[in-house]
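Asks: Those sequence lines, one after another, are chains A and B.
If you count the first sequence from 1, position 151 lands on 192 in our numbering, and the numbers rise without skipping.
If you count the second sequence from 1, position 5 lands on 439 in our numbering, and the numbers rise without skipping.
No lab work stands behind these hints, which were simulated from the structure alone.
Note that the coordinates shown come from a computational prediction; the quantities given were computed from them, not determined experimentally.
So the derived label-pair ranges between C-beta atoms look like this:
(1) B/Leu-476 / A/Asp-231: 27 to 35 Å
(2) A/Pro-79 / B/Leu-476: 25 to 33 Å
(3) A/His-78 / B/Ile-497: 27 to 35 Å
(4) A/Thr-197 / B/Gly-498: 26 to 34 Å
(5) B/Ser-458 / A/Arg-159: 42 to 50 Å
No farther apart than 25 Å at their CA atoms in a straight line, the calculated lysine-lysine pairs in the DSS-like style are these:
(6) A/Lys-203 / B/Lys-510
(7) A/Lys-203 / A/Lys-229
(8) B/Lys-510 / B/Lys-482
(9) B/Lys-466 / B/Lys-506
(10) B/Lys-510 / A/Lys-229
(11) A/Lys-229 / B/Lys-482
(12) B/Lys-502 / A/Lys-162
(13) B/Lys-502 / B/Lys-490
In this text, a Cβ means the ideal position worked out from N, Cα and C, and glycines have one as well.
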Amino acid sequence: MTAAVLDSGVRNSEIVRAKIELFGRRLGQTAYTFWTHPEFPRLYREYIYQSHSIIRASVPLMQAAELASHLPQHQNDAALQGFAKYLRHHIPEETGHHEWILDDGEAMGLSRQAILKRLPKESATQLVGVQYYWIHHYNPIALAGFIATMEGSPPTAEFIDKVAKRNRLPLKCFSSFVYHAKIDPQHKRDLDDLLDSLPLTPEHLELIGLSSLRTIRMMTGIMEDIIESGLAS
Amino acid sequence: MTKKAPAKKAAVKKSAVKTAAATSPNLATLTKAGVVPVGYSLLSPSEKTAIESLSKSEIAAIIGTKTKLGRKFFPKHAAHGMVY
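Next up, chain A with everything else stripped away, as it sits in the complex (with noise of 0.2 Å):
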């Protein structure tokens, strides 16, 4: 395999990022909805509901990934092996946040239980699902795109306090994105230097961009659904 050397001199990362950026404007504009809704405090109960049931695969979805870079079919993609070895640092970062989703949960009046015994939907187990396709069939290194795309691009601590104090609601119930706040700005720019000093290949990259584009096109139909649901519920 060679690396992907282009033309232009973009960065990897910038290639990435740009493919998040231009086709994510839907989600982004699906979060601001969810954000800036008068019947934020119902809708945040769904979120929580339906967030945790993919933040508590995060981890185990990075375990599987670097457990399957070990492979024998693998041992010669470099750019894997050091994906493998960012997961081997980032795995331990990422243990336990979905944790204050359920502590966040709780400050909303939810019970833990319930919040752990309600049946996932079958767009979250879509989500994960394609990725642990991915990982056990194909090329792990498509967690990189998953990885940029939902740690992309937090609320800011700011951002979180206005809507809280919006909803008349305690900071407490927003312990998650507060840390998230504070963390993913310098895990991103940690997988944006891995990005760029990997051997990717333009095969690579394409997988990336796919695992971005259908993480992009699941979280907009989650968050929609997030928005409809709470609404009925």
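Fit chain B to the given chain A structure using the hints.
Replies: Same frame as chain A, but now just chain B:
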């Protein structure tokens, strides 16, 4: 004379579309599919490179119901965070 003007205009537009398709085939495909608005001119150099680096599979993934952007969503930048 006044009746002939639109035809000339259409010919110029057709020619411009042909040129765009030749130099930026992916952008032309996405524009034709309604993902990128016609005549959208606010693309940065890295965005242009990203679009032209898209594979056929990526283009197919973008031209889906949920990712159709067009005039409603494409010109809008929303940076209020997504999920976590």
